[in-house]
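Q: Whenever a hint applies, use it, and build me the whole structure from the sequences.
Here's the letter readout for the chains.
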Amino acid sequence: MPSIRLVNVTKRYGKITAIKNLNLTINDGEYVCVLGPTGSGKTTLLKLIAGIVKPDAGEIYIDDKLVNDVPSHERNVAYVPQHYALFPHLKVIDNVAFGPLSKGLDEKEAYKISMQILEMMRLAWRADSFPNELSGGMQQRLALARGLASGAKILLLDEPLGALDARLRVELRYRLREISRENGLTTIHVTHDQEEAMIVADRIIVLRDGEIRQEGPPLHVYNRPKSIFVAHFVGGANFFEGFIAESDEYGSWVQLRNGLILRVNDTRPAGERVVVMVREERTEIIKGVRRREETNLLPGRIEGISFLGDFITYSVMLDNGDMVNSKMPTTTGMGKFNVGERVYIRLRPENLLVYTYPPQGLYKELEVI
Amino acid sequence: MLRYVRKLDEVSSLDSIKYLVYASSIIFFVALIFLPPITGILIYAEQISVVLYEHDLLARANRAIMQSFIMASIVAILDLIAALPLAWFIVRSKTRIVHFIDTLVDIPFLMPTAALGYSSLLFWNPLISPGFTLVLLLHFAFSYPVIVRVMVGELLNYKEVYEVAARTLGAQPLTAVRTITLPLLKPGIIASFLLAFARSLSETGATVMVAGSWENGPVFLFNVMDMVGLPDYMKNGILVYVSSMLIIASTAIFFLITLLAPKFKLPIRHVIPNIERKLSSTKTVRIRDSSTLIVFFLTVIAPSIFIVWPMVYVILDRTLVEAFSGMDPWGSFWRSMLISYAISSLSTLINIIFGLPAAIIIARHKLGGISPIFKAIVNIPIIVPSIALGTSLRLFWEKVLLHEFWILLFSHTTITYTYFVASMAAAIESIPIEIEDVASTLGAKPFSIFRRITLPLTKYSFFSGAVLVFTRALGETGAAKAVAKSKEFWTLPVLLVSWIRDESRTYSQKALGIGLYIISSFMILLALRLITRRKK
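As given, the protein sequences belong to chains A and B, one line each in that order.
Numbers 1 to 369, taken from this note's numbering, label the letters of the first sequence in order.
Numbers 1 to 536, taken from this note's numbering, label the letters of the second sequence in order.
Honestly, the hints are just simulated from the structure, not real lab data.
Note that the structure is a prediction, hence the values are computed from the model and not measured.
From the three backbone atoms N, C-alpha and C, an ideal C-beta is built for every residue, glycine too.
The reader is advised that the hints may include incorrect statements.
[What the hints assert, rightly or not] Reference excerpt, derived from the structure (chain A facing chain B, CB under 10 Å, subset only): (1) A50; (2) P71; (3) S72; (4) H73; (5) Y79; (6) V80; (7) Q82; (8) H83; (9) A85; (10) L86; (11) P88; (12) G99; (13) G147; (14) A149.
[Unchecked claim] Restricting the straight-line Cα-Cα distance to at most 30 Å, the calculated cross-link-like pairs of lysine-lysine (DSSO-like) are: (15) B:K18 / A:K103; (16) B:K159 / A:K91; (17) B:K7 / B:K18; (18) A:K15 / B:K366; (19) B:K18 / A:K54; (20) B:K366 / A:K20; (21) B:K7 / A:K112; (22) A:K103 / B:K459; (23) A:K103 / A:K91; (24) A:K15 / B:K263; (25) B:K94 / B:K159; (26) A:K65 / B:K7.
[To be verified] Derived CB-CB ranges, DEER-like: (27) B:S430 / A:L308: 37 to 43 Å; (28) A:R122 / B:P432: 25 to 31 Å; (29) A:R122 / B:K18: 39 to 45 Å; (30) A:S3 / B:S345: 55 to 61 Å; (31) B:P432 / A:V70: 21 to 27 Å; (32) A:G104 / B:L349: 29 to 35 Å; (33) B:W406 / A:V70: 44 to 50 Å.
A: If you want it as structure tokens, here you go:
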């Protein structure tokens with residue numbers, strides 16, 4: 001039963017610490033997406049598990065067996081790097097048979113297994129081609145086939161869809177999930193595309209600067225991000241800087257710039273400097289104030305409209321100078337507002353999350369490079 | 001067989017075996033390549049003092065050393081000016097003769113330099129008599145293909161999209177080349193310049209044939225070795241002095257150029273549209289191509305293949321029959337040929353065995369921070385004049401009382417070491433390390449990865465590196481001359497140079513000797529090419 005456990009793992013490259021004291025458990029059969037910006041340590045994490053690099057500190061267990069000193073060829077994991085690293089001088093079938101042959105299977109058996117896997121991947125008809133004769137999608141399937149044929153039960157995918165065009169990415173991410181499930185694999189899928197992670201993962205791990213910032217089911221991470229960075233990285237969000245003006249047992253009043261006030265369902269001490277976050281699709285726009293006593297209505301003007309296909313985003317310049325985005329389905333939002341029109345932004349307290357103002361500043365915290 | 005391969009696969013994953021292989025490769029480098037020449041010079045360093053009072057000899061030596069660098073600089077600059085347009089023509093021209101020209105370029109490269117020297121001598125004589133000009137023409141001819149080959153490779157790898165982008169932005173063809181292409185190709189230009197420079201600096205055999213009374217470092221060393229009446233201690237003193245000067249100066253100049261040349265900026269800001277438009281015109285381009293081809297045929301190809309002419313006479317008189325009967329002097333000729341091939345084959349084999357781990361060490365940075373230093377040191381044998389290196393090697397190996405054959409073998413191994421290591425290191429470096437990583441995660445052990453992934457992907461460089469070592473060892477005159485004290489251990493180039501300088505040898509004997517040398521070299525090269533092709 002392939003499970004993976006990392007205990008206090010640290011990996012340094014010279015002065016740079018790529019992974020910092022990381023603890024992580026991945027269960028048998030789980031499909032985990034590791035999400036993070038460039039340089040967050042995603043690929044290093046995969047390489048540590050694959051045995052391509054050794055940790056400077058900490059322990060790595062596969063199936064509860066300590067594998068720190070086990071070389072990569074004995075770990076029984078299939079590592080698929082970003083550009084697949086297909087062996088250019090070997091035909092498709094020989095690429096797939098490489099693993100079984102390396103593990104000592106006799107030639108007949110190795111090629112039989114490889115052919116079966118190629119059939120499963122719908123690539124058998126290209127068995128005699130060379131990798132550079134295949135399309136991007138086929139190359140990706142070949143890389144997977146090669147990993148599966150080696151008998152590995154752990155699949156490590158480094159940006160597996162990164163080299164493909166947009167349409168193929170969408171198609172193949174579902175296929176990846178299916179293949180993993182059908183073959184009972186434990187999969188770690190590294191990506192910087194939050195949408196891809198949301199769709200395929202059982203669990204998401206958000207990595208930054210070599211540390212896990214949050215982990216959990218996609219919906220939970222999306223709805224309840226633990227930090228401003230995670231909130232920003234896993235989906236579109238609006239942020240308001242302010243401070244707690246007053247608190248009671250049900251929540252607090254947040255004073256924004258230029259006299260605007262927000263009600264939030266979070267009790268915090270008065271005077272604390274905070275950042276309020278709301279998802280773009282939960283940022284409503286209304287044309288007039290229906291009830292004068294209604295709270296959390298921020299006046300502003302439509303500044304721009306972005307059409308994204310299924311969705312449409314309105315950018316609103318609030319009267320206090322903040323810019324907010326509101327995302328809505330095209331079917332309901334198209335043509336609803338015009339540029340320059342006076343509107344109100346309505347924010348429901350249950351949709352607002354409050355974070356302590358980051359010591360390094362909001363802008364620095366939101367940086368993803 | 002398969003059982004042994006599997007066994008090797010098995011043991012290759014042991015750390016102790018891995019370290020043993022790398023350590024033995026480094027020990028080989030230090031003990032056989034790096035330390036012997038330095039130690040050889042240091043042992044005899046005090047004998048230099050004897051020479052310091054021989055003012056005439058010393059002045060002659062210093063002049064010769066200076067001439068070496070002047071000649072190498074002029075040759076490298078002229079070659080760059082003349083060969084760059086030909087490389088351009090080969091890559092960019094759409095005419096049919098390109099393939100023909102491309103093949104012709106290799107002729108002076110594949111011919112042993114001693115044969116090339118004799119061919120040039122016959123071609124230019126009596127129009128130009130032996131001396132500075134003839135040496136210049138000879139060096140120009142044999143360094144020319146080096147620049148063409150390097151620059152053709154660079155131009156093929158160069159992404160033309162940059163130049164196209166410049167053209168769409170309104171640049172004249174010449175402006176685009178001058179401001180975009182050439183600056184991007186600068187590393188290649190520097191590399192080819194250095195190779196031409198080093199080749200001119202190092203060549204001995206052919207230079208001796210055409211030098212007449214003119215002397216550069218290697219010719220001076222050659223002449224001193226043959227000098228009658230000079231006591232041994234004095235001979236050693238002057239040899240050590242000139243060798244060490246040549247080694248130190250060439251190494252220093254090489255590293256200086258490597259460091260400073262990339263900082264040299266081409267003038268790219270200033271554009272003169274009208275003049276550059278005129279220079280980009282079809283007419284100008286035609287004139288450029290024609291003059292490039294004329295220079296190529298007249299100064300490179302014609303002198304190289306002129307040797308074919310006297311061969312006709314050889315067939316007509318009895319020399320050919322004499323040669324195969326083994327009569328004097330042909331007995332020693334065949335013996336030298338045997339020694340040459342034995343030495344070349346053995347040094348190729350040794351360099352492959354010990355050079356492969358060294359190439360991996362360089363390409364995969366197995367020594368961490370020291371790897372770039374190791375890479376730089378490995379280049380030294382091709383930078384320094386081989387006769388100087390040979391002299392220092394002989395002085396060292398004689399001290400350890402090694403038999404002459406082994407000294408000959410080791411010095412040829414040292415001189416050719418870089419060719420295989422550099423060629424393989426570059427090839428391994430070009431394979432993404434991910435490919436090896438993936439093979440490892442798929443269960444392949446280190447030796448198995450090398451056997452099934454790295455080696456097949458670098459096969460071409462493996463064979464071309466080996467062929468380069470072999471031909472270089474076969475053509476080496478300077479080091480062979482420095483090492484072989486008795487005629488018994490003369491290699492073919494040394495023997496042929498002595499024939500050319502020997503008045504008692506007939507014209508036909510000289511021509512046939514050189515001719516047989518060329519034919520046998522070509523046959524071996526052809527056989528190696530065929531083997532390489534079959535293995536593909």
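Q: Now tell me if each hint is right for this structure.
A: Status of the hints after comparison with the structure:
The criterion of a C-beta within 10 Å of any C-beta in chain B is met by A50 of chain A, whose closest approach is roughly 5 Å, and the hint holds. Annotation: P71 of chain A was flagged as interfacial toward chain B, and the flag holds, the nearest CB pair being 6 Å apart, inside 10 Å. Because the closest C-beta pair between S72 of chain A and chain B is about 4 Å apart, less than 10 Å, the hint holds. The interface hint given for H73 of chain A is met, as the beta carbon of that residue sits about 5 Å from the closest beta carbon of chain B, less than 10 Å.
Interface hint status for Y79 of chain A: upheld, as the beta-carbon distance to the closest one in chain B is roughly 4 Å, under 10 Å. A cut of 10 Å between beta carbons decides the hint on V80 of chain A: the least distance to chain B is about 8 Å, and the hint holds. The interface hint given for Q82 of chain A is met, as the beta carbon of that residue sits about 8 Å from the closest beta carbon of chain B, less than 10 Å. Proximity of H83 of chain A to chain B holds as hinted, the smallest CB-CB distance being about 7 Å (cut-off 10 Å).
Below 10 Å, beta-carbon pairs count as interface contacts, and A85 of chain A has one with chain B at about 4 Å; its hint therefore holds. For the restraint placing L86 of chain A at the interface with chain B, the shortest Cβ-Cβ distance is roughly 8 Å, inside the 10 Å limit, so the hint holds. Given hint, P88 of chain A at the interface with chain B, holds; its Cβ is 7 Å from that chain's nearest Cβ, closer than 10 Å. With its C-beta approaching chain B no nearer than about 4 Å, G99 of chain A sits inside the 10 Å limit, and its interface hint holds.
Nearest Cβ of chain B to the Cβ of G147 of chain A: about 8 Å, under the 10 Å cut. The hint holds. About 8 Å separates the beta-carbon of A149 of chain A from the nearest beta-carbon of chain B, less than 10 Å, and the hint is met. Proximity of K18 of chain B to K103 of chain A is assessed by CA-CA distance (about 20 Å); at most 30 Å being required, the pair is judged to hold. Only pairs whose Cα atoms come within 30 Å are accepted, and K159 of chain B paired with K91 of chain A is accepted, the gap being roughly 28 Å.
The hinted pair formed by K7 of chain B and K18 of chain B meets the criterion: a straight-line CA distance of about 14 Å does not exceed 30 Å. Simply put, K15 of chain A and K366 of chain B have alpha-carbon atoms about 19 Å apart, close enough for the 30 Å limit, and the pair holds. Taking the CA atoms of K18 of chain B and K54 of chain A, the gap is about 17 Å. The hint holds against a cut of 30 Å. Distance restraint check for K366 of chain B and K20 of chain A: the Cα-Cα separation of roughly 25 Å lies within the 30 Å cut-off, and the hinted pair is therefore satisfied.
Taken as a hint, the K7 of chain B and K112 of chain A pair is honoured in the structure, with Cα atoms around 25 Å apart against an allowance of 30 Å. Restraint check for K103 of chain A and K459 of chain B: satisfied, since their Cα atoms lie roughly 24 Å apart, inside the 30 Å limit. This hinted pair checks out: K103 of chain A and K91 of chain A have alpha carbons roughly 19 Å apart, not beyond 30 Å. The straight-line distance between the Cα atoms of K15 of chain A and K263 of chain B is roughly 29 Å, inside the 30 Å bound, and the hint therefore holds.
Among the hinted pairs, K94 of chain B with K159 of chain B is consistent with the structure: their alpha-carbon atoms are about 18 Å apart, no more than 30 Å. A C-alpha spacing of about 27 Å is found between K65 of chain A and K7 of chain B, which places the hinted pair at or below 30 Å, so the restraint holds. A hinted range of 37 to 43 Å for the beta carbons of S430 of chain B and L308 of chain A is consistent with their spacing of about 42 Å. Taking the beta carbon of each, R122 of chain A and P432 of chain B are about 27 Å apart, inside 25 to 31 Å as hinted.
In this structure the hint that R122 of chain A and K18 of chain B lie 39 to 45 Å apart at CB holds, the actual value being about 40 Å. Take S3 of chain A and S345 of chain B: their Cβ atoms lie about 56 Å apart, and the range 55 to 61 Å holds. A hinted range of 21 to 27 Å for the beta carbons of P432 of chain B and V70 of chain A is consistent with their spacing of about 24 Å. The hint said 29 to 35 Å for the Cβ distance between G104 of chain A and L349 of chain B, and at roughly 32 Å that hint holds.
At about 45 Å, the CB distance of W406 of chain B to V70 of chain A agrees with the hint of 44 to 50 Å.
Of the numbered hints stated above, none is contradicted by the structure.
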